[in-house]
Amino acid sequence: MEIPLILASSSPYRQSILKKFNLPFESFSPDIDETPLSNESAEQLVLRLSEAKAKSAKQHFSKGLVIGSDQVALHNGNILGKPHTRENAIKQLSTFSSHKVTFLTGLSLFDIESNTADTIIEPFSVYFKTLSLSQIEAYCDSEQPYQCAGSFKSEGLGICLFDKLEGDDPNSLVGLPLIRLNQLLAERGFDVLTLQRLL
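The opening position of the sequence shown corresponds to residue 63 in this note's numbering, with each subsequent residue numbered one higher.
Keep in mind the hints are simulated off the structure, nothing from the lab.
Each hint should be verified, as a subset may be incorrect.
Unchecked claim - DEER-style ranges, computed between Cβ atoms:
#, residue 1, residue 2, range
1, T147, L255, 43 to 53 Å
2, I141, L255, 44 to 54 Å
3, P86, Q245, 28 to 38 Å
4, R259, K191, 20 to 30 Å
5, D203, G139, 38 to 48 Å
6, R259, P185, 27 to 37 Å
7, A200, S100, 35 to 45 Å
8, L227, A200, 35 to 45 Å
For each residue, glycine too, the CB sits at the ideal point set by N, CA and C.
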């Protein structure tokens with residue numbers, strides 16, 4: 063492969079998802095300020111941050127296709143933060159019982175040499191079951207999702223919290239929408255399937 067593939071993330075979850083493409087890639091931790099701007103919508107936030115993460119690769123690499131991603135969770139139009147404590151997680155999950163939470167994942171593919179980026183948003187929604195307090199407490203004690211926006215890990219036991227999932231790509235729920243990424247790569251002449259022959 064002549065063009066290196068670079069992931070602008072230190073997240074083990076995003077790295078694990080990208081490995082599904084069966085292609086070599088490098089990764090780094092983007093050092094950017096993720097503070098929302100005043101009056102910035104959730105959509106504007108994830109578009110801006112995913113592109114900023116990808117473009118920060120210029121500090122480390124001279125060429126390559128860089129993948130940047132950022133995600134927010136929304137409930138009743140409000141951006142959800144990480145709970146940090148058991149008490150906050152129980153409170154968040156109790157609020158979500160019988161409700162929908164929507165994830166907006168920003169995805170940016172940045173070509174360092176041409177200094178051009180393609181950036182999109184991929185939505186995905188989860189519908190929570192009606193949950194009892196004892197179920198919520200049992201979940202929190204088992205998985206301790208205190209550093210996860212929305213207080214759950216869908217790739218683990220968190221799947222038991224839901225009635226249904228709604229969206230085009232379940233990978234986007236974990237933070238990297240592979241179907242759209244495959245399309246963006248193809249638009250730049252980077253065919254994931256054909257490249258398997260070169261490995």
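Tested hints:
| no. | hint | result |
| --- | --- | --- |
| 1 | T147 x L255: 43 to 53 Å | holds, 45 Å |
| 2 | I141 x L255: 44 to 54 Å | violated, 37 Å |
| 3 | P86 x Q245: 28 to 38 Å | violated, 21 Å |
| 4 | R259 x K191: 20 to 30 Å | violated, 45 Å |
| 5 | D203 x G139: 38 to 48 Å | violated, 30 Å |
| 6 | R259 x P185: 27 to 37 Å | holds, 34 Å |
| 7 | A200 x S100: 35 to 45 Å | holds, 40 Å |
| 8 | L227 x A200: 35 to 45 Å | violated, 21 Å |
Hint compliance for this structure: hints 2, 3, 4, 5 and 8 are not met, and every other hint is.
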